[in-house]
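So you can see what is in the structure, the chains are spelled out below.
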Amino acid sequence: DVKVTQSSRYLVKRTGEKVFLECVQDMDHENMFWYRQDPGLGLRLIYFSYDVKMKEKGDIPEGYSVSREKKERFSLILESASTNQTSMYLCASSLTGFEQYFGPGTRLTVT
Amino acid sequence: GESVGLHLPTLSVQEGDNSIINCAYSNSASDYFIWYKQESGKGPQFIIDIRSNMDKRQGQRVTVLLNKTVKHLSLQIAATQPGDSAVYFCAENSNDYKLSFGAGTTVTVRA
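Chains W and R are the protein sequences, given in the same order.
The numbering used here numbers the first residue of the first sequence as 1 and each following residue consecutively.
The numbering used here numbers the first residue of the second sequence as 1 and each following residue consecutively.
The hints are simulated quantities; they were obtained by calculation from the structure and are not laboratory data.
All of these numbers come straight from a predicted model, not from anything done at the bench.
From the three backbone atoms N, C-alpha and C, an ideal C-beta is built for every residue, glycine too.
Derived lysine-lysine pairs resembling DSS-like cross-links, with alpha carbons at most 27 Å apart: (1) R/42 <-> W/70; (2) R/42 <-> W/55; (3) W/57 <-> W/18; (4) W/3 <-> R/42; (5) W/13 <-> R/42; (6) W/18 <-> R/42; (7) W/57 <-> W/71; (8) W/57 <-> R/42; (9) R/56 <-> R/68; (10) W/71 <-> R/42; (11) W/18 <-> W/70.
If you only want the chain W side, here are some residues facing chain R, beta carbon under 8 Å, derived: (12) 40; (13) 42; (14) 104.
Same shape as in the complex, but just chain R:
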């Protein structure tokens, strides 16, 4: 079946550097994508989303890039901070109600 997946299960980043978390999707009909952050002991929290009619969207210190040609999604975090240590999930909208989630990337920020 079609699925959303992340390229790497873990990412270690030096504090102050930029982080890039990648995600590949296979459902070319998906028209909405979303990134979540899950800190230890908490439920996932919304970071940023993007529709398929856009290729870039910026939030506070975060940017999501969408490349529909190669079905690739990325999340960029500027000036990574210790509070950015978490598991990051990408998800795609596969029908009107449901989101399909990737396996997640664990980001560890080194001081």
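Chain W extracted, bound-state conformation:
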């Protein structure tokens, strides 16, 4: 059974803190994605990676960076958290780039 796990379900951070969100998949997928989900806006792509150490910007990369040192792990980094980054963050992986498998999400609150 495919599985994507995220390090935290809920996270509360202060403005200006550096935040790490971790995602691990056990399906040997090449492609991994980070989205944020906000009411009325659907899922917006932040960054994706199609191979180890490879990354590409999505639609809303500002204020975020990513790291992929191993195939199974894709990290999202908020260098200096701001209140407008309060959101649900979803990680996904895929083999072909078509059907994506999602993790349960991390609800981040920045105060």
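Dock chain R against the given chain W, drawing on the hints supplied.
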């Protein structure tokens, strides 16, 4: 820019009735479409997909219809059950790796 969108943000359905969730897309070059279901507190889960060389595809209690002429996608759920209450997203493949998601329709099933 081109985007995928859903016609209605909410849909209320009587248990046992059929549900129809609509989605309009604007990228005529998209060749793959997918529907996801997201239950409260969970990540999106795959329901059904369809390629542009098809106009209909059926799964268990679900049917996806694709009308390329008017760039419209719909998801039909037969005999809607309380467990079908969720947010439904359509998405299109805009390049080899990425999916573009609509804003979502929240389906509420009335007992």
